[in-house]
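Which chain is which? The protein sequence lines are S and Z, in order. The working numbering numbers the first residue of the first sequence as 1 and each following residue consecutively. The working numbering numbers the first residue of the second sequence as 1 and each following residue consecutively.
The hints are simulated quantities; they were obtained by calculation from the structure and are not laboratory data. From the three backbone atoms N, C-alpha and C, an ideal C-beta is built for every residue, glycine too. One or more of the hints may lead you astray.
Which chain Z residues stay away from chain S? Per the calculated CB distances, all over 12 Å, these [stated by the list, open to error]:
#1 R51
#2 G56
#3 K57
#4 C63
#5 N87
#6 E90
#7 R128
Here are the computed distance ranges between Cβ atoms for each label pair [said to hold, decoys possible]:
#8 S:K48 - Z:E127: 47 to 53 Å
#9 Z:P133 - S:E44: 31 to 37 Å
#10 S:R50 - Z:E127: 42 to 48 Å
#11 Z:R77 - S:C118: 36 to 42 Å
#12 Z:R76 - S:E90: 33 to 39 Å
#13 S:D134 - Z:P137: 35 to 41 Å
Chain by chain, the residues:
2 protein chains.
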Amino acid sequence: MTDWGNDSSSTSLRSSAEAADKESTRSGDFALYYDAHVFCCVNERPPKHRRGCCSGKGSRQLCDYMCRKAMVLGLRRVRINQSGCLNRCELGPTMVIYPEGVWYSYSCEADIDEILRCHVIGGGRVERLLLHPDEGPRH
Amino acid sequence: MTDWGNDSSSTSLRSSAEAADKESTRSGDFALYYDAHVFCCVNERPPKHRRGCCSGKGSRQLCDYMCRKAMVLGLRRVRINQSGCLNRCELGPTMVIYPEGVWYSYSCEADIDEILRCHVIGGGRVERLLLHPDEGPRH
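Could you build all of it, start to finish, from the sequences and the hints given here?
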């Protein structure tokens, strides 16, 4: 029988002690495979769905544009991926960039350009496009 | 005209100085939206493609299984997502878990169970399934 841990560890995943333990575990991990790993939600829902969807707001085309642009720029240790529903649909199109875990809402090629230039290449943040943790549905 | 940085910053993205700067920037970021964000590659290629594909090795069904299992376990701040090609096709099915940036190759529901129990809930690593950075194609 698989030991899935007690109820508290299942519903409230990371206590402070667990986080500290995870931090120490992480220090022994391998180097990152990608320096920046971008996931653009391309989830599609039926038209007029109450939550909307990123794909319906052009995310698929903008993700393709970001891929091409990253290639043109020679960003070898950067990966741009499509992803399934990131569940912040009302704020879309959304993307998340790891390992930072920084989220953006974007709507045009100029936004993508700025995210690549400022965040991915420059290591900064595009403040005007940032998503805050309290935006979107509760977990 | 957009300033995309010089050639060296484009081809070799993160120098030590840049990494240090990024680290300091990161400390001011928001809390993570998801404690653990799992991306399972579900890319599909034609049969007999020389690189193979994760979808052809059952990743879509196993990703669905992982979603259901995470829900049953009540892992509210954990997100399991499908993703496009993670480009480590020969080693698939592959998944990556952020913010740690830890990669696994898995092949059955028992592997998924162990990754959820040991890594996602327990904060450890499933050593036997880990992918090392030097496995897969060069960037």
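Tested hints:
With a closest Cβ-Cβ approach of about 16 Å to chain S, Z:R51 is found to remain outside the 12 Å limit, as its non-interface label requires. Separation of Z:G56 from chain S is adequate, the least Cβ-Cβ distance of about 18 Å exceeding the 12 Å criterion. Distance check on Z:K57: its Cβ is at least 18 Å (rounded) from any Cβ of chain S, clearing the 12 Å threshold; non-interface status holds. Distance check on Z:C63: its Cβ comes as close as 9 Å (rounded) to a Cβ of chain S, failing to clear the 12 Å threshold; non-interface status is violated.
Against chain S, the non-interface label of Z:N87 is violated: not every CB pair exceeds 12 Å, the least being about 7 Å. Distance to chain S confirms Z:E90 as a non-interface residue, since its nearest Cβ pair spans about 14 Å, more than 12 Å. No Cβ of chain S comes within 12 Å of the Cβ of Z:R128; the nearest lies about 15 Å off, and the non-interface call holds. At roughly 48 Å, the beta-carbon separation of S:K48 and Z:E127 lies within the given 47 to 53 Å, and the hint holds.
At roughly 34 Å, the beta carbons of Z:P133 and S:E44 sit within the given window of 31 to 37 Å. Separation of S:R50 from Z:E127 is about 44 Å and conforms to the stated range, judged on CB atoms against 42 to 48 Å. The given range of 36 to 42 Å is broken by Z:R77 and S:C118, whose C-beta atoms sit roughly 28 Å from each other. At about 19 Å, the beta-carbon gap between Z:R76 and S:E90 misses the expected band of 33 to 39 Å.
Separation of S:D134 from Z:P137 is about 39 Å and conforms to the stated range, judged on CB atoms against 35 to 41 Å.
In this structure, the earlier hints numbered 4, 5, 11, 12 are contradicted, and the remaining ones agree with it.
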